[in-house]
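Can you build the whole structure from these sequences, using the hints too?
Protein chains: 2
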Amino acid sequence: MAASGSRKGIGGRRPGDPDTRGDIIRSAKALFSRGYGDTSLRAVAREAGVDPALIVQFFGSKDGLFLAAMADAMRPAEELPAIIDGPRKGFGTRLASWYFGLWEDDSRRLPIQAMLLSAAAHPAAADLLRTFVTREIADRVAVVSRRKDARLRAEVVGAHLIGTAMVRYVYRIPPLSDTPVSALVKLIGPTIDSYLLPAPRVTASR
Amino acid sequence: MAASGSRKGIGGRRPGDPDTRGDIIRSAKALFSRGYGDTSLRAVAREAGVDPALIVQFFGSKDGLFLAAMADAMRPAEELPAIIDGPRKGFGTRLASWYFGLWEDDSRRLPIQAMLLSAAAHPAAADLLRTFVTREIADRVAVVSRRKDARLRAEVVGAHLIGTAMVRYVYRIPPLSDTPVSALVKLIGPTIDSYLLPAPRVTASR
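The listed protein sequences correspond, in order, to chains A and B. Note that the working numbering has the first sequence beginning at 126, numbered continuously upward. Note that the working numbering has the second sequence beginning at 126, numbered continuously upward.
Be careful, since some hints might not be right.
Identical copies carry no separate label here, and so any pair may be met within one copy or between two of them.
Lysine-lysine pairs mimicking DSS-like chemistry, simulated, CA-CA at most 30 Å apart [as the list claims (entries may be wrong)]:
id	residue 1	residue 2
1	K311	K273
2	K214	K273
3	K311	K214
4	K187	K214
Keep in mind that the hints were calculated from the coordinates and are not lab data.
Quick look at the structure:
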């Protein structure tokens, strides 16, 4: 289950090597997948074949590395803008497709899942998840909504998606766990729209 | 945080004592709140002041005790029928009120939260959660819906509620974590209805 997607770095690699940062992130995702508490910078450095000081130089701390690993697995800065900037119609469907796509891809799912579980067990990891979800996801998604409580609505959408992934991929409760993603997107996409976009009937009567 | 609601049983209590079962359940909830993996029947017996054989007699096994503790914390058999049998209008609001009521009550929240987290970490606990959610909750809630995919829809509702509780009570991400329950119920109740009940406009055109 915990197939590691990491590749051992080659010892003695120079700091300027273009893949050093990528190697550290890959190693961090693999180790964080086994648990936040047990993962040390030293262990990540060993796995990546670099000096621990280099990780501090790149990421500041274990927490900075955790945030970078989460950002690398989810890539909201790279992938959300196209979803958000597209036509309002179909926004929920696009967001749900993107989200379940993350979870269907093992190399992205394992670190994301591990970080959600770590955040449930370790207050320090929960602080990081809170920062990440707020800045990287909820603040972006809230822009779609012109409602007064847009931030709350964006978070309710996020909570819905987190819960659905937990039931499907972690608890594996059927029929949710064996329903095709396309059917889930069709079911949940319009709910996302109804949370964020103005209700059509209200708009029509104004 | 992990305030135990258990009371130590008095040694030498007879098996027929009317509160023995309750004492075992209370002790089980307190110990399971600290983790499924670390909890033994022996430890529960010690905490409740009873013989371990008595727990086996009442609950069959550690798994049976876990299910009984979950049922005691959530009480779906006792509390869901009134919600389900009421008028269709307002069903989602009644379900969401009941659900957030569980989480707002520490003595119910702590064991429920612990069981959700245990199930994410221990496959054996996940099996039990799967059984419990399916039989005790999703099967009941699905009855409300006449839609063909009622079971899937009931589970999507459950996933939405689980995720909302995780973000509010476990990850504590604002604004969801500091929004009054009444506002959340108002926001999420209609979504529950839209998942389970036939869409009003579709009904009108039939």
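Discussion item. Within a copy, between copies, both or neither: which one fits K214 and K273 at a CA-CA cutoff of 30 Å?
Written reply: both (20 Å within a copy, 26 Å between copies)
Worksheet item: Can you tell me if K311 and K273 fall within 30 Å by alpha carbon in one copy, between copies, both or neither?
Response: both (27 Å within a copy, 15 Å between copies)
Item to complete: Tell me, please, which holds for K187 and K214 at an alpha-carbon limit of 30 Å: within, between, both or neither?
Response: Answer is neither: 41 Å inside a copy and 50 Å across each miss the 30 Å cutoff.
Worksheet item: Given identical chains, is K311 near K214, meaning Cα to Cα at most 30 Å, within a copy, between copies, both, or neither?
Response: Close inside one copy (13 Å) and across copies (25 Å); limit 30 Å.
Hint check: a violation occurs at hint 4 only; the rest are consistent with the structure.
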